[in-house]
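Residue numbers (this note's numbering), protein chains in the order written: chain B, 3 to 410; chain C, 3 to 410.
Some hints here could point you the wrong way.
If several chains are the same, the list does not tell them apart, and a pair holds so long as it fits within one copy or across any two.
Derived pair list, reagent style BS3-like, types lysine-lysine, alpha-carbon separation capped at 25 Å [claimed, not checked]:
no., residue 1, residue 2
1, Lys157, Lys145
2, Lys185, Lys46
3, Lys262, Lys236
4, Lys314, Lys262
5, Lys314, Lys236
6, Lys148, Lys178
7, Lys185, Lys55
8, Lys247, Lys236
9, Lys247, Lys285
10, Lys326, Lys148
Keep in mind that the hints were calculated from the coordinates and are not lab data. All values derive from a computational prediction rather than experimental measurement.
2 protein chains.
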Amino acid sequence: MVSCSLERLEDKIRTFSKFGDTGRGGITRFSLSPEALAARAEFKKRMEAIGAKVVTDDMANMYATLPGSENLSAILSGSHLDSVKQGGNYDGVLGVLTAMEAAETIVRENIPHRHPITVIVWTNEEGARFEPAMMSSGVICGKFDKETMLQSVAKDIPDYTFGQALRESGYAGDEKNRLSPDKHMALLELHVEQGPVLEAEGYDIGVVEGVCGMINYEFTFLGQADHAGTTPMKYRKDALYAAAKTIQYLHDELDELDGKLVYTTGKISCHPNIHTIIPDEVKFTLDARHQNPAVLRQVLEIIRKIPPEVEKCKVSYAEAWSRKTVAYAPELVDIVEKSAQECGYTNMRMYSGPGHDAQYVADVIPTTMIFVPSVEGHSHCELEYTPVSACLKGANVLLRTLLLIDKM
Amino acid sequence: MVSCSLERLEDKIRTFSKFGDTGRGGITRFSLSPEALAARAEFKKRMEAIGAKVVTDDMANMYATLPGSENLSAILSGSHLDSVKQGGNYDGVLGVLTAMEAAETIVRENIPHRHPITVIVWTNEEGARFEPAMMSSGVICGKFDKETMLQSVAKDIPDYTFGQALRESGYAGDEKNRLSPDKHMALLELHVEQGPVLEAEGYDIGVVEGVCGMINYEFTFLGQADHAGTTPMKYRKDALYAAAKTIQYLHDELDELDGKLVYTTGKISCHPNIHTIIPDEVKFTLDARHQNPAVLRQVLEIIRKIPPEVEKCKVSYAEAWSRKTVAYAPELVDIVEKSAQECGYTNMRMYSGPGHDAQYVADVIPTTMIFVPSVEGHSHCELEYTPVSACLKGANVLLRTLLLIDKM
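Given the sequences, and given the hints that come with them, work out the whole structure.
Right, here's the structure in full:
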């Protein structure tokens, strides 16, 4: 069985880790920054060197295509090259590098394929400098309005818009090059898991069935600000105590639901947040994710059971945002699983907690993803790490899946 | 029985409320600010108009003295004219205005007194612009080092020190004018309660026996920052959940202690405080106050029973600061109580939760305080309010107490 090259993949990872190197094991590579443009240039150079033709669409998404032997629609594979601030060397970029390596293996080994093979680089997946995340796949797939996105302002420079960055990048191309069902038959995205499950459970490959649905709520507790030294306990309306009790309530109740539910109270604010004043306004967020919408409905029922007053504080809550569960194409999921098995790699089916460009594409063409383990689950930080041997397994599953799809 | 004048007291409250008027029912009058200097000038003008001699000490504390009929040490009464940002028209200033009104009543009614009667204005009680609070009484009474205090930097102007503000104020006087046991026999401070007890229990006057001891602890919970969407619940170390559980534990345990204990978890911080990331570091404060040191020791025992790990997060804590219980002079407390009774005002003995300049003076000369009710307990805010009729009762108790001390 043909395999990708460990040495070549290692070289790719090492080379791309220089673009935005923080010097502490990670990168800061905001979309369309000089560092990201350097990574794009390297991508273009390497893909052209193996005979690919590189074009960009109007959102600067890059498509590097090896022609197929027949006049068929292309099979896409890739991810993004941008990172969060002080991010790691695997989130996103590994999906591009493994797709490059699969393509390079096909070329070097002269592996016949009927369909064109296209490696794709998405623009601004992280939304770290210009919100929102998954901006350009979102525009292409009809989730976001392009004109609104062009007005998105950089977090670090007043009035500097994404549209301006796009024009200055030199990578804004033609709308006709966009991903579309006419020209593209399927999309595969390899990604690091960004969680601890594969490593902890001892699996090489995550066969991704979809992306978990998610709800995000913000809770507000209104009490009464009074002096910590003069107000007897019985007269108090302590918004932080009410919030703490509610966090405990949510844990108690949500822990009774399905074991695959993940939920997080990650953000809290307290007013006036002075040690000698009883808090009068506390807010916290709840993020809950599960692949089954019925479980998220149970979460909502638990939220709705919170009484209107807790510890004499008024409670209110509102949905900040939500996402429906995305199911990937079952026939592609099966092919990924089969590929992993044929490669002799241990694998498990799983849902993705985080969002990925692939989830928007799933509405347009058959799509799925491949996960490789994240050591200790670290991601979006400089500790993010996946050994190159584990990355290679992912590349081999990706290559095999591309070739099996090519035979469909 | 001679009474202070409602009209005159109302005029004083109205006049002083102009200095730093926020236009929303309160004042911002930082110590030594132009607004505070205007209030000092009004104080000086009014006290000189009734025959008082006004001097200042080296910390700009003001002493306005009516001579007595004998060559004896003076009886002091007063408080402070500075406020917190957007504070009220009663905290501090009412202690000055009622002392002024008592002095004016003595002058207008030709009430004989053996001792000089001195109205005192303390500099920078709030510490709102230059920390710490009770700065100048602290210096005079040996709690703070003067040179260190002079270096205290304004919160709003870089490098602008308290020493500079003191020199520019024109109120820095002679160290020999400081309060001292040689020249001063006793101090009385009238203050608003800053809490809801007197109003809720239906009492006119609080006979203050002392100032509650206080401990202030900061707790730190160290967990692990991980992705909210990828980390199964069983692998999590959620520092906010650990903190919420500990807040609940503290409430459960502390509520079993003496009913007069007040405790507050007023301040919380959470890192990284992002709704999609499990918090890895959460800190919160605990402020606990009681008049009986044995109860505060019980609080400490409860703190020490917190396990070193809560929800797999490491727990640590440290005392941020503490204050021993201050007992006021029992013979003066008795006189205040007797005065209130003779005036026909309902009264209750109580301890002060907040600190006051008087607590430092209590180490130097016999000292006590008189509280009047705070409507709904509001203080340090624009809602702070005490009806003038209630203020007048305080002024009358103050006057009567001064005259009874004069006979000691």
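Evaluation of the provided hints:
{"no.": "1", "hint": "Lys157 to Lys145", "result": "within (22 Å within a copy, 47 Å between copies)"}
{"no.": "2", "hint": "Lys185 to Lys46", "result": "within (21 Å within a copy, 88 Å between copies)"}
{"no.": "3", "hint": "Lys262 to Lys236", "result": "between (41 Å within a copy, 10 Å between copies)"}
{"no.": "4", "hint": "Lys314 to Lys262", "result": "between (34 Å within a copy, 20 Å between copies)"}
{"no.": "5", "hint": "Lys314 to Lys236", "result": "within (10 Å within a copy, 33 Å between copies)"}
{"no.": "6", "hint": "Lys148 to Lys178", "result": "within (15 Å within a copy, 76 Å between copies)"}
{"no.": "7", "hint": "Lys185 to Lys55", "result": "within (15 Å within a copy, 96 Å between copies)"}
{"no.": "8", "hint": "Lys247 to Lys236", "result": "both (17 Å within a copy, 21 Å between copies)"}
{"no.": "9", "hint": "Lys247 to Lys285", "result": "both (13 Å within a copy, 17 Å between copies)"}
{"no.": "10", "hint": "Lys326 to Lys148", "result": "within (22 Å within a copy, 64 Å between copies)"}
When each numbered hint is compared with the structure, no violation occurs for any of them.
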